[in-house]
Amino acid sequence: MTGTGNVSESASGAGGAPPPPERHEVPAWRLLSTLGTAGMLAGLLLVFVFRATQPAILAYKAEVLRQAVQQVLKAPDRYDTLYVYDGSLVRQPPPDLVAAQLEQLYLGYTSENERIGFAIAAGKAGFQDIVRIIFGYDASTRQVLGMMVLESKETPGLGDKIEKDQTFVSQFDGAIAPLLGVKIGKGTGDPSEIDMITGATISSRTVINIINEALERLGPLIEAYGEEGGGR
Amino acid sequence: MRVTTPGEDLFRGVWRENPVLIQMLGLCPALAVSNTVANSIAMGLATFFVLCGSSLLVSMFKRFIPHEVRISTYILIIATFVTVADMTLEAVVPVVHKDLGAFISLIVVNCMILGRQEAFASKKPVGRALLDAVGTGVGFIIAMLMLGSVREIFGQGTFLGISIFGPNYEPWVIMILPPGGFLTIGFLLLALNWIRQRREPKPAIREWPEGVAQRRVA
Chain X
1 MTGTGNVSES
11 ASGAGGAPPP
21 PERHEVPAWR
31 LLSTLGTAGM
41 LAGLLLVFVF
51 RATQPAILAY
61 KAEVLRQAVQ
71 QVLKAPDRYD
81 TLYVYDGSLV
91 RQPPPDLVAA
101 QLEQLYLGYT
111 SENERIGFAI
121 AAGKAGFQDI
131 VRIIFGYDAS
141 TRQVLGMMVL
151 ESKETPGLGD
161 KIEKDQTFVS
171 QFDGAIAPLL
181 GVKIGKGTGD
191 PSEIDMITGA
201 TISSRTVINI
211 INEALERLGP
221 LIEAYGEEGG
231 GR
Chain U
1 MRVTTPGEDL
11 FRGVWRENPV
21 LIQMLGLCPA
31 LAVSNTVANS
41 IAMGLATFFV
51 LCGSSLLVSM
61 FKRFIPHEVR
71 ISTYILIIAT
81 FVTVADMTLE
91 AVVPVVHKDL
101 GAFISLIVVN
111 CMILGRQEAF
121 ASKKPVGRAL
131 LDAVGTGVGF
141 IIAMLMLGSV
151 REIFGQGTFL
161 GISIFGPNYE
171 PWVIMILPPG
181 GFLTIGFLLL
191 ALNWIRQRRE
201 PKPAIREWPE
211 GVAQRRVA
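The listed protein sequences derive, respectively, from chains X and U. Numbered per this note's numbering, the first sequence spans residues 1 to 232. Numbered per this note's numbering, the second sequence spans residues 1 to 218.
Chain X extracted, bound-state conformation (with noise of 0.2 angstroms):
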């Protein structure tokens, strides 16, 4: 039995108590301008902590990011971040385009200023939600550079082996576009194979797919600006 029962019981038991007050209808006004009230003390409530957190939040991801390039690039001196647009890759985007809302490569130098290759972030479905990578590719040999996962929610492990095994994120490096998965121990030593994780099939061909779906829609852009861009 619930509380309000047990007290109204005894409010109108005691005889002499007056009777609970009817609950009268409430005018639709007060519950609109209720909800309203607290919504608009929520929203600015929600903008402060937005701007508190939000550097912190943003510094974060362009650390990851900063690490990643890092990574995949084998360390480059610097690097240009590059946009896709209007089917080639440009320096700068458009004025009247937001950065952020453009697809973005990253093309890493060495001191030399010689171009170690692009570093790629796509995505696709894994085995349980979108796996998202980055990947270094230099166009002149065709060689992948490295690989690393942004994000993926696979398979406690098993699937997560595709980021967690050095082993699999290792045959990477220096393997040529495009890839072609292969079971252990069935590869014929060709630099294009990969071998896949046993019991991680899905995960590890969502990995080689992204990269070769990538470069395939990338590659000939890449090449664009390979030769416009060759002086640099």
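Because the hints were derived from the structure by calculation, they are not lab data. Backbone N, C-alpha and C fix where the C-beta goes; we use that ideal spot for every residue, glycine too. Treat each hint with caution, since some may be false.
Across the chosen pairs, the derived CB separations fall in these ranges [said to hold, decoys possible]:
| hint | chain 1 | residue 1 | chain 2 | residue 2 | range |
| --- | --- | --- | --- | --- | --- |
| 1 | X | Phe-50 | U | Gly-115 | 25 to 33 angstroms |
| 2 | X | Leu-180 | U | Gly-186 | 39 to 47 angstroms |
| 3 | U | Leu-160 | X | Leu-180 | 37 to 45 angstroms |
| 4 | U | Gly-115 | X | Arg-78 | 34 to 42 angstroms |
| 5 | U | Tyr-169 | X | Ser-170 | 45 to 53 angstroms |
| 6 | U | Cys-28 | X | Asn-113 | 53 to 61 angstroms |
| 7 | U | Val-95 | X | Val-84 | 23 to 31 angstroms |
Coverage of chain U stretches by chain X, computed from C-beta distances (three or more under 8 angstroms per stretch; other residues unrestricted) [to be verified]:
| hint | segment |
| --- | --- |
| 8 | 55 to 67 |
| 9 | 77 to 85 |
| 10 | 88 to 94 |
Using the hints, position chain U against chain X.
Below, chain U without anything else, positioned relative to chain X:
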């Protein structure tokens, strides 16, 4: 209605009416993110914060909240605190935030929190509501820690990342997967109920509510 003391309000939720282990509320986040001790602690603290904040506000403003829109208002208050917790966790401990994922936002629909607002905070003075929230929150953290410890120790052979069984331990992967959550809570409840039954003297005649007794006879 029996009058409760402040001490009872505080300690009721910690053990005797523990939200997860006794009332079986808030099981969804409790099972989903209790795969490691660190995640359990983060989830427990976030829920604790939301529960205390919401109970405080609901109890403070209970006179101004019309009966017809009370649930919407509670949810609005809870959702605000959850968003604050979500942003704060992302800024302060981004790694943990990444692990907890959508389950932080899902604290909004944790029935344990809404339950405390409807059943307690909306009827009691501010101080009592806060005591009740603290007790229930601590109870939730305790339950999360129990689940998280068992699952991490067996599932990874570690406690808070520190190896316990040495490098030769073969982790029971199932314990950090969803089935491990169900198994752990099942065995935990079994053990707790067994202990409770052994402690309590068996009542000679169980007093069933009237309707139940009649149905049983018929």
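Verification of the hints:
no.: 1; hint: X:Phe-50 x U:Gly-115: 25 to 33 angstroms; result: holds, 29 angstroms
no.: 2; hint: X:Leu-180 x U:Gly-186: 39 to 47 angstroms; result: holds, 45 angstroms
no.: 3; hint: U:Leu-160 x X:Leu-180: 37 to 45 angstroms; result: holds, 41 angstroms
no.: 4; hint: U:Gly-115 x X:Arg-78: 34 to 42 angstroms; result: violated, 56 angstroms
no.: 5; hint: U:Tyr-169 x X:Ser-170: 45 to 53 angstroms; result: violated, 25 angstroms
no.: 6; hint: U:Cys-28 x X:Asn-113: 53 to 61 angstroms; result: holds, 55 angstroms
no.: 7; hint: U:Val-95 x X:Val-84: 23 to 31 angstroms; result: holds, 30 angstroms
no.: 8; hint: 55 to 67; result: holds (count 4)
no.: 9; hint: 77 to 85; result: holds (count 5)
no.: 10; hint: 88 to 94; result: holds (count 5)
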